[in-house]
Structure formats: C-alpha cells, structure tokens
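Student: Okay, here's what each chain looks like letter by letter:
Protein chains: 2
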Amino acid sequence: MLPDNTEYTENTLQHDPQRPGAAADPEAVRTVACVGAGVIGGGWVAHFLARGYRVVAWDPAEDAEERLRGLVDAAWPALTGLGLAEGASPDRLSVVATLAEAVADADFVQESAPERLEVKIGLLAEIDAAAPEHVVVASSTSGYSMTEMQVKAARPERLVVGHPFNPPYLVPLVEVVGGEATAPWAVEWAAEFYRAAGKSVITMDRELPGFIGNRIQEAAWREALHMVDNGEATAEQIDLAMTAGPGLRWAFFGPCLTFHMAGGEGGMAHMLDHFGPSLKAPWTRLESPELTAELRDAMVRETDEVVSGRSTADLIAQRDRRLIAVMRALAEVDAEEEREAAEAGR
Amino acid sequence: MLPDNTEYTENTLQHDPQRPGAAADPEAVRTVACVGAGVIGGGWVAHFLARGYRVVAWDPAEDAEERLRGLVDAAWPALTGLGLAEGASPDRLSVVATLAEAVADADFVQESAPERLEVKIGLLAEIDAAAPEHVVVASSTSGYSMTEMQVKAARPERLVVGHPFNPPYLVPLVEVVGGEATAPWAVEWAAEFYRAAGKSVITMDRELPGFIGNRIQEAAWREALHMVDNGEATAEQIDLAMTAGPGLRWAFFGPCLTFHMAGGEGGMAHMLDHFGPSLKAPWTRLESPELTAELRDAMVRETDEVVSGRSTADLIAQRDRRLIAVMRALAEVDAEEEREAAEAGR
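Chain order of the listed sequences is A and B. Just so it is clear: in the first sequence, position 60 is 59 by numbering that gives the first Met the number 0, and no numbers are missing. Just so it is clear: in the second sequence, position 145 is 144 by numbering that gives the first Met the number 0, and no numbers are missing.
Because the hints were derived from the structure by calculation, they are not lab data. Fair warning: there could be bad hints in the mix.
Copies of the same chain look alike in the list, so a pair counts if it fits in one copy or across any two.
In silico SDA-like cross-links for lysine to any residue, where the CA-CA straight-line distance does not exceed 25 angstroms [to be verified]:
{"hint": "1", "residue 1": "K279", "residue 2": "I120"}
{"hint": "2", "residue 1": "K151", "residue 2": "A128"}
{"hint": "3", "residue 1": "K279", "residue 2": "E231"}
{"hint": "4", "residue 1": "K279", "residue 2": "G230"}
These numbers come from a predicted model, not from an experiment.
Bound-form chain A, shown alone:
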C-alpha cells in the first residue's frame, strides 16, 4: 500500500543538515509562485509555464491578470517556436487575490516587485511568513543586495537573488547569489532548480553590485553615453557598430575567448604579452587594472578552462560556423518580415 499524502510528506521532511527535506529535490518542483507580474515577473511566468510548471501569480495592480495573460499570450508563439516542455500550457496559470494564497502551495517563489528597497524588504518578509517552511524564495532584483533586503524576514536563510535578463522567457542567463544571512544550501538549491528549469546559471560567492552580466552591459552603455555626450558618435552609429561588429560574436563567444583568439596560436598569453600596452591606450574612458604577472597568469589559466583543449583551428572553425549561422538566421527573419509587410500592404 502506498503511503497516504501525510505519511509521504512526513517521510521526506527529514532534516538534512545541509539542506532541509521539503526542498530536497529541485527537479521535483511542480508549482512556482510568481509575486509581481510586470515585465520581468510576467516574463518569468511565461518561462515557467513554457517549462511545464503550474504557476500561481499575484500582483496588487487592478488590471494585473488581464495584462499578465496578455503578456503570456504574446510570448507563447515565441515559446512554442523554441520548444515547450511536455504538458506546458497557459491554462496552468492561476492568478490569485492575495500574496498568501499565491505562495501557500508553492515549491519555489520568484519575487519580481518594483525596484524600491522598502517594498522588497516588506514583501520578502511577507512571502517568508506565508510560504511553506523550506521553500526557497528568489528575488529578481537588479539593484539591491539580498543582505539589504532580507533584514525583516524570519527565515532569511532561504532567501536568494535570482537575477534574470530581459526577457526572462527567452534569455537564458540567471545570476544566483545569497545575502549574508542566506544559507549556502539555498543558493545551491536555487541554481539546481533554475538549471532544471532550462536556465544558464552563474552562482556567485559574493554580492557584486550589477552582478556580472549587468557590469559588462553597463560599461558598454556608459561608454555609449560618453560618446553621445561628446558628439563622437550617434545612437544609430553605436547600435550599428555593436550589431555589425562585436555583438555578432558575443552571441556565442564571450570577451575572454574572443581575446584569446586575437592572440592567434599564442592565445591569451600572447595577446596579453603583446597587446598589454594597449590597455593604457585611451580606447575607452574605463581605466584598466594594472596588468600584473598575477592578473596575466589568472587570465591565461582561466581562459584555458574556457578553451578546454580546442586548437586555434578548431576555434576558428567553430566561430565561423556560428557567425554564419547567426547572420543567416537574422537575414532570414529580415526577409520573412519584409514578405509579411509586403503581403499586409497588398
């Protein structure tokens, strides 16, 4: 005889010193609560629905349900194009009237409230009070640290940041980091869960303002603002320089691998030893760090891990193949849109 639900729950609720029982298996998550359903929160809802989860959402705005269902419907063709999980359906979304209802049965909670510190602090304390004991709660914040936000929660150890990129239903990156009062198990659990939910996850061991992705994005953005401010380039030139230049490669090879390739057969070591002096050149307003022997060696060693044994010829072949695939894919979309516009105009 199978144990009834009560017994089953009790059995799995053994207290693991590393990770409490109820949250034991990130792969077993069935129900996700989304608190806040604006652009980011709604994007999370669409993502979790497409991955086959049941989603319970709450947002205090009057027209929240209508807007949210509209966002999901608008994103669904894109998600279908990418491939839905089995059983995925917009019908598995419930929009409820209170925060307590939203989180009561959740296996995981994603908070995406407006970026105001008091709002985040209060909401995380409320979610913590209402959600099942060992359920992990993640905040989408891009501007605050969990250390700042978890101060009023009774169980701050299960609160983490799970920072997505817009739109969360398509862009895979999620950066996961805890606050000072967060338990390591919660960070690990969240990373495993996001991976199970189809995301590309970076786990950070310290709270860094802007995480990693936003630091890179913001550096590029501020350089762009300086150029416009000085009349050196227009927004149009900046955007074209990106999309016809480095942006095409950055869709598949990051800055470290790109600069490794700039060193030819000598890779990152040759690049740094040969072009290191250009770090003093005024090619951006951002001052470079000193290229110490330690930094040089760290870059070489870490980039070697990214390269992972691929030869220069391998990397060139892989880069070219991907560049062509990306360029052809984008050209096809352009052509489709032109055809559609021509047909609509007839």
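Put chain B on the given structure of chain A with help from the hints.
Tutor: For chain B alone, kept in the frame of chain A given last:
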C-alpha cells in the same frame, strides 16, 4: 563606333572638384590590392575574393603565399555558405613579389601591415608613390590615426582608415575615417566602395582612438579584467554571462535600442528619467557622464531615429523572433558538431 580605350579613359578622367575622375565609381572597382597578408590582411583577401573581385596581394614574409592560400581555402566553405558573388573564385588571387607590382593596376588598396607606426608611415608613402594617381588607399589600423600615418605620403588626401572587425571575411563592420590631410571625397569614396563590397559602414567625422566598436568592446574587456583581478568572477563566468545574457541581444539590437526597450512604452525618455540615478550606482568601474538635459534629449532624439516609428509591441515581436532565430541557429550548430564528433569517434 565605341571610343577606344584611350578616348574612353580620357573622357572619364575629367577633374571633378569633389572627386577626381579616375576614382569616379566605387561600384566599378575590379581589382583590389591587399598589402600585408596576416590574419587581418588575409581576411580581407578572402572577403574581396568572395565578393568577386580580382585580388593582388603582397606580403614580405617568406611563406606568405602559402599561408595566404591556406587561409583563403580554410575560409572558402564559410564564404560559400554565406553566398558568393558571381564569378567569385580563389583563382582570382595573385600573390606578387613586390609592393609596386601589387598596387600598379589596383582600383583600391587595403593596407594591413603589423601595428607599428614607423612601418605604417613608410608603407603608406610607398603605396602612395606606386599606386595609380586617384586610387583610394585604406589602412586596417586599429591603433593609429591617419593623421599620424600619412605624414610622409606625397598625396595624403587619398589615404583613409578602413578599420575592419575580425574576421573581415565575415563580420560586416568597417569604420571609415580620414586624417587631417585626407580629402572628404576619399572618405566618401571608401564608404561607398565598402558598401558595394558588402560591408556595413560607419563613416566618422573625427579620429577617435578605438573608433566606436572597439571602444565598446574595450570597455567590456577592461571591466572583465577588473573582475578577474579582484576575484569577483572567473573568465568562464564572464564569458557565460555574455553569451547567455546581453551578447545574445547585441547580435541584432544595439545598446541604445536595448535600453529604449527597457523603458517599456515610455522608451528611452522613461528609461533615462526613471533609471537615470542608477548611472551613479557602482555597476561598473566606468564613471558615467552627467545626465544633463542636453544629453537626455540627445539620447531620446537619436534613439528615436533608430526606433524609426516601430511601436513597443513591434520591437518586442522583432526582438523575440530574432532571439529565437539566433538561439535555434546556435543550437543547430552545436548539434551538428556533436553528430560530427560522434561520427569521427566511430
């Protein structure tokens, strides 16, 4: 009766006050001289061959011809995949023994010598002395200004910078700018020629170290170096943050359009008015410019030109379609490579 060649040449060699006759039509270029055939010069050779030009190359290295033909052969499948111009063939490449021979019959010259100022100055003076009178000569330099490089040329007015991105046979961006002694017609002519040769061209009206694309790329790179220097992120995390995050979008929407979309229906104006204070946040080591009313208005006005009448809904639909196309294209290449590796392993 058709005029014989002499008459014809004479007729078209009338001196235009804006642009000398012999260089009259960038679309009529048949023969391109490539001086220097390393990674960048060789990449240019492959590009021009693929676009159907006859290419005459010169490089002082002993094994230059062998390496160059190897590079062209390695790139040819990629170029075929992207689509060749009619009549394009690696057989239209001649490698010659002297610089004078290389440029003697050229309709355009691309110089891609090593990045050493004295080398560039000497070589540009030699090319200028040997190339037909009104032929435009472009340098691939990424580190020097044409003002610095054109000092020993007898006809500096026809010397421009045509700065490509690596690999020049695939990445479309070329940044064109003249030096103080360059004539405006030469900059215009080069831009028209590169466009005719299938490139995405940005014409700059001033010499900016790092041009535009490299400034953006270098800002991201220096931020990455700082993060590694401080143990905040590894090369692997940085590369993943880029390729799973902002890099995916930057393949088709640049930083200005991306931040316009971050403002929702309110666009760039809302973004700057609402998130402007975050420019003071320590999200990168790069200090932001002051967000003056002038800068705000310039960003809004210039981004409007990029937006070019598209609604928020249009932009979201276009972004999602391209994100999916890029992600699917990259996933297909991954799958193909895995299949090939599995077959090779059998």
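Student: Now look at each hint and say whether the structure bears it out.
Tutor: Verification of the supplied hints:
For the identical chains of this complex, K279 and I120 are inter-copy neighbours only, at 22 angstroms across copies versus 43 angstroms inside a copy, given an alpha-carbon limit of 25 angstroms. Only within a single protomer do K151 and A128 lie at most 25 angstroms apart by alpha-carbon distance; the minimum there is 10 angstroms, versus 77 angstroms between protomers. When the C-alpha separation of K279 and E231 is checked against a cutoff of 25 angstroms, the pair qualifies both within a copy, at 20 angstroms, and between copies, at 22 angstroms. Taking the closest pair of Cα atoms, K279 and G230 come within 25 angstroms of each other both inside a single copy (23 angstroms) and across two copies (22 angstroms).
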